[in-house]
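Colleague: Listed below are the residues making up each chain.
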Amino acid sequence: MNTFSRLMALAAMGACVLAGPCAYADEATPDAQKILAASDAVRNPANPFGLSIVLTEYRDGQEADSNTLAIYSKLDARWGRYRTLISYVGPPRDAGKLVLESGTEMWFYDPSSEASIRISPQQRLLGQASTGDVVTVNLAHDYHAIAATSEDITDGDHTQRHCYKLGLAAAVPDATYHRIELWVERSSNRPVKGKFYSDSDRLLKTAYYRRFQSELGLERPTEIVIIDGLTPTWVTVMRYSNYAWRDVPDSWLQRDYLPRFRPISESQSR
Amino acid sequence: MRIRWLLPILAVCPVAVAQQDDDAAALALADRAQTEADAPRACVEYAEAALTETTYSDSAPSSAGGRASVNIRCDGALGERWRAVFSDRLDYFWAQRASAQAVNTLKEAYVSFRDGGTELFDLGRINVREGVGFAYNPTDYFRADAVRAIVSIDPNTLRDERLGTLVARSQTLWSSGSLTALYAPRVSAEPSTSTFSPDLGATNRSGRWELILSQRWAADFQPQLSLTGTEHHSPQAGLNLTYLLNSATVAYLEW
Chain V
290 MNTFSRLMAL AAMGACVLAG PCAYADEATP DAQKILAASD AVRNPANPFG
340 LSIVLTEYRD GQEADSNTLA IYSKLDARWG RYRTLISYVG PPRDAGKLVL
390 ESGTEMWFYD PSSEASIRIS PQQRLLGQAS TGDVVTVNLA HDYHAIAATS
440 EDITDGDHTQ RHCYKLGLAA AVPDATYHRI ELWVERSSNR PVKGKFYSDS
490 DRLLKTAYYR RFQSELGLER PTEIVIIDGL TPTWVTVMRY SNYAWRDVPD
540 SWLQRDYLPR FRPISESQSR
Chain Z
763 MRIRWLLPIL AVCPVAVAQQ DDDAAALALA DRAQTEADAP RACVEYAEAA
813 LTETTYSDSA PSSAGGRASV NIRCDGALGE RWRAVFSDRL DYFWAQRASA
863 QAVNTLKEAY VSFRDGGTEL FDLGRINVRE GVGFAYNPTD YFRADAVRAI
913 VSIDPNTLRD ERLGTLVARS QTLWSSGSLT ALYAPRVSAE PSTSTFSPDL
963 GATNRSGRWE LILSQRWAAD FQPQLSLTGT EHHSPQAGLN LTYLLNSATV
1013 AYLEW
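Protein chains in written order, with the numbering used here: chain V, 290 to 559; chain Z, 763 to 1017.
Derived by calculation from the structure, the hints in this document are not laboratory data.
None of these values were measured; they are calculated from a predicted model.
Among these hints, one or two may not hold up.
What the hints assert, rightly or not - According to the in silico footprint, chain V covers these stretches of chain Z (three or more CB under 8 Å from chain V):
#1 803 to 814
#2 905 to 917
#3 953 to 962
#4 981 to 990
Note that beta-carbon positions come from the ideal geometry of N, C-alpha and C, so glycine has one too.
Modelling step: build the complete structure from the supplied sequences, incorporating the hints.
Modeller: Dropping the structure here:
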């Protein structure tokens, strides 16, 4: 190793120490798409399920807004994507409102007007959390994983994790993001961190997946912390609870059913 | 030359460190966050108050006035298969040199029965609202004479704050579509201005029926066809269609 190479290596090590995450050559070339699919399986149960999400938005450390949502989700085997029904439980001004995401269709229903309005995937739900973040998404369907390198990073629970860093490129026209950098823990395929970019390659948000608990047969994240790419003091915390298997008939996942929707009771659980 | 290589690396470090600090601060905030889920509720109510100033094109003096409104909507289960919906609005208007007026709008009051999840039946006053477009909806057949108290000229408000129609409605759902049939009987031909009148003469002045068919033909193609008939008039056909042009734009077609 000549003097220049040593100097470069030293500088790179210094950069790693200062910046924290440190990439290094991988022992074997992993299949990035398989890692991504395995990571999806950690986030998303394979059978129809329901859960509750509390989204709390903070601006400069102060709580600015909060929403409580009930989510019903089901994998559509034909398209390889999840179909999701989002029911607003709170605050009271929004109670009863619904969002249906089915393939490329996304509908918003307001009970006060009995109106169903088709919306685009980019229309936001709350703070930095777009509907694309709240609905169940199979990243392996919507994105091509084009690289997998190894990197150690600090996760959302302040623990060092040995990760694969995946580079994801949008594979379908309606993908929510242009590209994503996703860190997946090597030993468990848990998603650890994601950085999400716009068409102009601007960092839109950083997400940390944390507080893993046993839910529906697997250790799954029960909290996602979203940090705005431009204003880091704009933070949204998404807390997941009440995971349960729910029978969601296909006939309910269409616009014409929205005015008829009733929350699925325990007796309808599987 | 070697120094030039080093500069970009060293310049990146402060940015990376700053991002780490931002992330650490955000995660510390999330650590401290106390979140509490809202409990489901059957009723949502709200009140509005407005002050108005009316000016005239002629020499008449302007007049001040105001409005106070109370709105309530309840949607609750009556057992496993039954559901009841009630929605009402009371507006109180006053103005200088005019008598005050109260107007109650019974927007909805109906019961719904579900048979096995795919057969649904409704009976009562329902705000039957069709159409995917904004502002003006040619397929919104039940809008005529349904506004009792004009609180805003915003088209969406006019569609929201209106009387429902007394109807019997059934709907059959299947995995890729649905068929709805409804009938609104003739009840009275005389509208009422009485404060608490249900005003069925405004909404059920003649017998009407409607069939609505919705069928998914492709992943992103599910048109809605309607056929509506009124006593002594020929049936009218309607079409509602939407299409996602890109991730930020939706096109609407209503005929």
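Colleague: Does each hint fit the structure? Answer for all of them.
Modeller: Cross-check of the supplied hints:
1. 803 to 814: Our answer is that it holds, as 3 residues pass the Cβ test (under 8 Å) against chain V, meeting three.
2. 905 to 917: Not satisfied, violated; 0 residues make the cut.
3. 953 to 962: It is violated, with 0 qualifying residues against the three required.
4. 981 to 990: holds (count 4)
When held up to the earlier numbered hints, the structure conflicts with 2 and 3 and fits the remainder.
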